[in-house]
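Enquirer: Kindly generate the complete structure, drawing on both the sequences and the hints.
Throughout the sequence shown, residue numbering follows my numbering, covering 1 to 317 in sequence.
No wet-lab data here; the hints were simulated from the structure. Ideal placement from N, C-alpha and C gives every residue a C-beta, glycine not left out. There's no promise every hint is true.
Calculated lysine-lysine pairs in the DSSO-like style (CA-CA distance at most 30 Å, straight line) [stated by the list, open to error]:
#1 K225 - K123
#2 K235 - K182
#3 K235 - K98
#4 K123 - K235
#5 K130 - K225
Simulated DEER-style distance windows between Cβ atoms [what the hints assert, rightly or not]:
#6 Y228 - F125: 20 to 30 Å
#7 S67 - S155: 37 to 47 Å
#8 Y228 - G263: 44 to 54 Å
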Amino acid sequence: MATTTASAQLAEAGPGPLAEDPARHRRYTNRYAGFAYLMLAPAVILLGIFVIWPAIYAVYLAFQDWSFYKAPTFVGLQNFTNVITDPLFINAIVRGLKFVLMTVPIMLVLAFLFSCLVVSVGKRFSTLLKISIYLPTIISTVITSIIFTIIYDYSGGLLNWAIGLFGLDSIPWLGDPKYALKAIAIPAIWLGMGLTSLIMVSAMIDIPEEFYEAASMEGANWWKKTLYITIPQMKNILLYLLVTDFVAALQQYELPLVMTNGGPLDSTMLPNLFIFSHFRGDPTAGYSIAAALLLFVVLGAISAGIFRVVNSEKSVD
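Expert: Now the structure itself:
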């Protein structure tokens with residue numbers, strides 16, 4: 001009603017002074033447009049210098065035989081062919097996808113259950129829970145790697161001491177290819193749960209309480225409310241977290257570098273660590289740049305596939 005009244009008043013008032021004078025309207029428009037361009041200019045310049053130009057130059061170098069000691073020589077698709085036919089790179093991609101399966105589903109489920117707990121308790125206790133879950137997010141990944149390396153230590157680590165209480169032998173968590181990648185997945189989940197949980201809590205708080213009250217009157221229990229109200233209302237948030245957590249897990253780099261340096265027997269050599277190790281040990285940089293571009297294509301293709309399978313849409317009209 002208020003909107004209708006305001007529209008009627010505007011209609012009665014007729015066109016404003018700017019509408020009556022087109023030349024004056026253009027001067028105002030140009031003035032504000034120029035100010036907007038001036039404000040955007042620093043961001044566009046920095047984006048061009050640090051993102052767009054390096055990306056274009058990287059694509060250029062991917063087609064060159066180039067090192068820091070000689071001028072680039074055009075080799076066409078040779079670098080990409082070398083990368084695609086390199087079993088070490090293919091194994092790193094497959095290993096990265098396994099690492100995604102080890103971390104992302106568990107992280108999303110644990111974060112969802114934790115968020116349900118946060119929104120169901122009192123305000124003071126929920127604040128304490130949110131602080132406790134957010135703490136790992138602000139801890140350096142390097143520090144986390146060192147802490148978990150100490151925990152996994154074969155001779156004096158906390159984990160082997162704990163399983164020793166049950167009469168079990170010590171396990172070389174980071175020294176055995178069978179356990180190494182799983183051992184790295186645990187701190188990855190611990191680090192990623194904080195931000196994921198807080199985003200889920202924010203999404204749950206925004207769900208209208210009337211939905212749950214109506215469901216309660218129909219006799220729905222917690223599982224039915226979660227299945228038919230909470231998850232559908234959080235569909236877009238869950239899609240966002242699925243894609244971002246997938247990209248972050250596949251690009252994990254610091255944990256395997258500090259904890260195992262890709263070993264033992266390359267069992268923790270994830271894609272980014274493989275590219276970095278190759279770049280560090282090979283003076284020919286074209287191969288490493290081509291591998292990075294192919295990893296970018298893999299990430300983009302899988303992310304696009306996820307968006308296509310799980311379409312985002314408006315949850316409430």
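Enquirer: Would you mind marking each hint as holding or not holding in the structure?
Expert: Against the structure, the hints come out as follows:
A threshold of 30 Å between alpha carbons decides the hint, and for K225 with K123 the separation of about 22 Å falls inside it, so the pair holds. A distance of roughly 29 Å separates the Cα atoms of K235 and K182; the hinted pair therefore holds under the 30 Å criterion. A C-alpha spacing of about 25 Å is found between K235 and K98, which places the hinted pair at or below 30 Å, so the restraint holds. A threshold of 30 Å between alpha carbons decides the hint, and for K123 with K235 the separation of about 25 Å falls inside it, so the pair holds.
Proposed proximity of K130 and K225 is supported: the alpha carbons are some 23 Å apart, at most 30 Å. Checked against the given bound of 20 to 30 Å, the beta carbons of Y228 and F125, roughly 27 Å apart, stay inside it. Checked against the hint of 37 to 47 Å, the pair S67 and S155 passes, with Cβ atoms roughly 43 Å apart. Range check, Y228 to G263: Cβ separation about 48 Å, and the 44 to 54 Å hint holds.
Checked against the numbered hints given earlier, the structure satisfies every one of them.
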